[in-house]
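Trainee: What the sequence shown shows, in numbering that gives the first Met the number 0, is residues 0 to 270, in sequence order.
Because the hints were derived from the structure by calculation, they are not lab data. The beta-carbon is built from N, C-alpha and C at its ideal position, and this holds for glycine as well. Misleading hints may appear alongside valid ones.
[Said to hold, decoys possible] Think about it this way: if two alpha-carbon atoms lie no more than 16 Å apart in a straight line, the pair counts; the simulated EDC-like pairs of lysine to aspartate or glutamate are:
| # | residue 1 | residue 2 |
| --- | --- | --- |
| 1 | Lys252 | Asp127 |
| 2 | Lys117 | Glu33 |
| 3 | Lys131 | Asp64 |
[As the list claims (entries may be wrong)] What follows is a set of in silico ranges between Cβ atoms, one per label pair, in the way DEER data are often shown:
| # | residue 1 | residue 2 | range |
| --- | --- | --- | --- |
| 4 | Gly32 | Glu267 | 39 to 45 Å |
| 5 | Gly97 | Glu172 | 21 to 27 Å |
| 6 | Gly182 | Gly32 | 49 to 55 Å |
| 7 | Asp177 | Gly32 | 48 to 54 Å |
| 8 | Asp234 | His66 | 19 to 25 Å |
| 9 | Asp71 | Glu267 | 43 to 49 Å |
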Amino acid sequence: MRRLGLAAVGVFTLTACDDTFFGPEPETITDLGEGYCGVEELLVVDCAPCHLAESSTFGFDVETDLHAATVDVTGGWDAVLVTAGDRDNSLLYTKMAGTNADGTGGVMPTAGILTEDKIELVGAWIDDGAPKEDCGGGDADSDTDADSDTDADTDSDTDTDVASWCEVAVTIEEHCVDCHDAGADDGYAYVDLETDPYAALVGEDSQVVPGAILVVPWYPEASLSYRKIAHVQGDAEGMAMPAEGIPQMDAAKVETWETWIAAGAPMEDCN
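My request is simple: use the sequences and hints to build the entire structure.
Mentor: Below, the structure is given as structure tokens:
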């Protein structure tokens, strides 16, 4: 099973992707700061969990030292992530704004384009010379995160009682394996949900939608599998699932899938 964070490409996929892998879902930002500190806060939330220190997917860590990770740093596609004073030549900004050059991947985050005010916050910081500031509160933030982790673990135990992997596995058997079996090319669309469905889903990159991850623990909306069964997938993410002609999932089964992911996508022995 190919795990997140093994690729050493020096660019990012600003999805939402770790505490087992990924840590608890962050709270939504309602009042961003300005300048570097606002950008730092924005990226830690909206680019989590793929690009936090513990996961740092594709080698891009926005948590430890955002400035050192971006300013004058050349990432994938030989593009500089942040060119101080020039947002239009900064891959960090252009991928958020959807103005990046052909051949440099898709818009980030893949789960949805950022609001204009958030994109402008990043652009304004870059145009201002991308200065680094002391944002303070490092220890306090760490303690808050630790408390949040404890809460998430408690929630996971509760949610697992409601929506377990075993329930999801039954749903997969009923609605998915007719197409996603153990046949040629590892099953339809390269996903074999018959042999080991957990290993085929959790933390696995989509072989069809670049940059998408099938199941991102803690983050249903960042998980391509959930978006497709909930029929909220993007225009470039293919058709909804299950496919036409296959028994469709009712709302309760979709909610079970969502709750299982939100609980951290825990594994269980279903025998």
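Trainee: Identify every previously stated hint that the structure contradicts and give their numbers, smallest first.
Mentor: 1, 5, 8
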